[in-house]
Amino acid sequence: MYADQDRGDKSKYQRYLAGMDSIIVEKVASASAYFSEKEGHSIVDVGMASGTSSYILALLFPKTKIIGIDINPKMVEIAREKYSLPNLELEPMTEKPWKH
Numbered sequence: 001m002y003a004d005q006d007r008g009d010k011s012k013y014q015r016y017l018a019g020m021d022s023i024i025v026e027k028v029a030s031a032s033a034y035f036s037e038k039e040g041h042s043i044v045d046v047g048m049a050s051g052t053s054s055y056i057l058a059l060l061f062p063k064t065k066i067i068g069i070d071i072n073p074k075m076v077e078i079a080r081e082k083y084s085l086p087n088l089e090l091e092p093m094t095e096k097p098w099k100h
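The sequence shown begins at 1 in the UniProt record's numbering and counts up one residue at a time.
Since the hints were derived computationally from the structure, they do not count as laboratory data. Hints should not be assumed to be uniformly reliable.
[Stated by the list, open to error] Restraint-style ranges between C-beta atoms, simulated for each label pair: (1) 27 with 82: 12 to 22 Å; (2) 74 with 40: 13 to 23 Å; (3) 46 with 18: 20 to 30 Å; (4) 18 with 38: 16 to 26 Å; (5) 39 with 15: 16 to 26 Å; (6) 38 with 12: 17 to 27 Å; (7) 36 with 11: 38 to 48 Å; (8) 29 with 63: 30 to 40 Å; (9) 40 with 14: 34 to 44 Å; (10) 91 with 14: 20 to 30 Å; (11) 12 with 40: 19 to 29 Å.
[As the list claims (entries may be wrong)] Distance condition first, Cα-Cα at most 20 Å in a straight line; then the derived EDC-like pairs of lysine to aspartate or glutamate: (12) 65 with 37; (13) 12 with 39; (14) 63 with 77; (15) 63 with 39; (16) 65 with 91; (17) 63 with 37; (18) 38 with 89; (19) 27 with 39; (20) 65 with 81; (21) 63 with 89; (22) 12 with 26; (23) 12 with 77; (24) 12 with 37; (25) 12 with 89.
All C-beta atoms, glycine included, are put in the ideal place defined by N, C-alpha and C.
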């Protein structure tokens with residue numbers, strides 16, 4: 001199961017994420033053209049992996065709360081170490097109903 005995957009040490013995760021992040025910027029930029037900023041609204045990035053997509057969305061929409069979630073706690077830990085903005089939350093997905 002993805003949530004239980006362990007790619008080993010931090011450097012192995014970073015190599016894996018570098019490949020993913022190399023394409024995510026263009027994908028988020030293309031998709032964000034369909035969003036409009038609305039204060040008090042939220043965008044949830046399900047399966048955020050490295051958190052790069054959530055971070056880019058938080059930069060593009062500073063009045064919107066961006067919530068990045070991932071089922072792999074290691075990914076959430078890495079994302080939290082790398083990214084921080086007032087409108088950005090990075091959370092692990094749990095088996096309990098997720099509310100926000």
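Taking the hints in turn, this is what the structure says about them:
1. 27 with 82: 12 to 22 Å: Because 18 Å falls inside the window, the suggested range holds.
2. 74 with 40: 13 to 23 Å: Taking Cβ atoms as reference, residue 74 and residue 40 lie about 32 Å apart, which means the hint is violated.
3. 46 with 18: 20 to 30 Å: Given a distance of about 22 Å, which is inside 20 to 30 Å, the answer is holds.
4. 18 with 38: 16 to 26 Å: 33 Å, violated
5. 39 with 15: 16 to 26 Å: Cβ of residue 39 to Cβ of residue 15: about 38 Å, so the range 16 to 26 Å is violated.
6. 38 with 12: 17 to 27 Å: 39 Å, violated
7. 36 with 11: 38 to 48 Å: 39 Å, holds
8. 29 with 63: 30 to 40 Å: 19 Å Cβ-Cβ, so the 30 to 40 Å window is violated.
9. 40 with 14: 34 to 44 Å: Once the Cβ atoms are compared, 35 Å apart, the range 34 to 44 Å for residue 14 and residue 40 holds.
10. 91 with 14: 20 to 30 Å: 21 Å, holds
11. 12 with 40: 19 to 29 Å: At roughly 40 Å between Cβ atoms, residue 40 and residue 12 fall outside 19 to 29 Å, so the hint is violated.
12. 65 with 37: At roughly 10 Å apart (the allowed maximum being 20 Å), residue 37 and residue 65 satisfy the hint.
13. 12 with 39: Distance of about 38 Å is beyond 20 Å: violated.
14. 63 with 77: Answer violated: residue 63 to residue 77 is near 25 Å, above 20 Å.
15. 63 with 39: 5 Å, holds
16. 65 with 91: 13 Å, holds
17. 63 with 37: The given pair, whose Cα atoms are some 7 Å apart, holds under the 20 Å limit.
18. 38 with 89: Holds, because 17 Å separates the two Cα atoms, which is no more than 20 Å.
19. 27 with 39: 23 Å, violated
20. 65 with 81: It holds: about 19 Å lies between the C-alpha atoms, which stays within 20 Å.
21. 63 with 89: Status holds; Cα separation ~13 Å.
22. 12 with 26: 24 Å, violated
23. 12 with 77: Holds, because 14 Å separates the two Cα atoms, which is no more than 20 Å.
24. 12 with 37: 36 Å, violated
25. 12 with 89: 25 Å, violated
Figure legend: structure checked against the earlier numbered hints; hints not met, in rising order: 2, 4, 5, 6, 8, 11, 13, 14, 19, 22, 24, 25.
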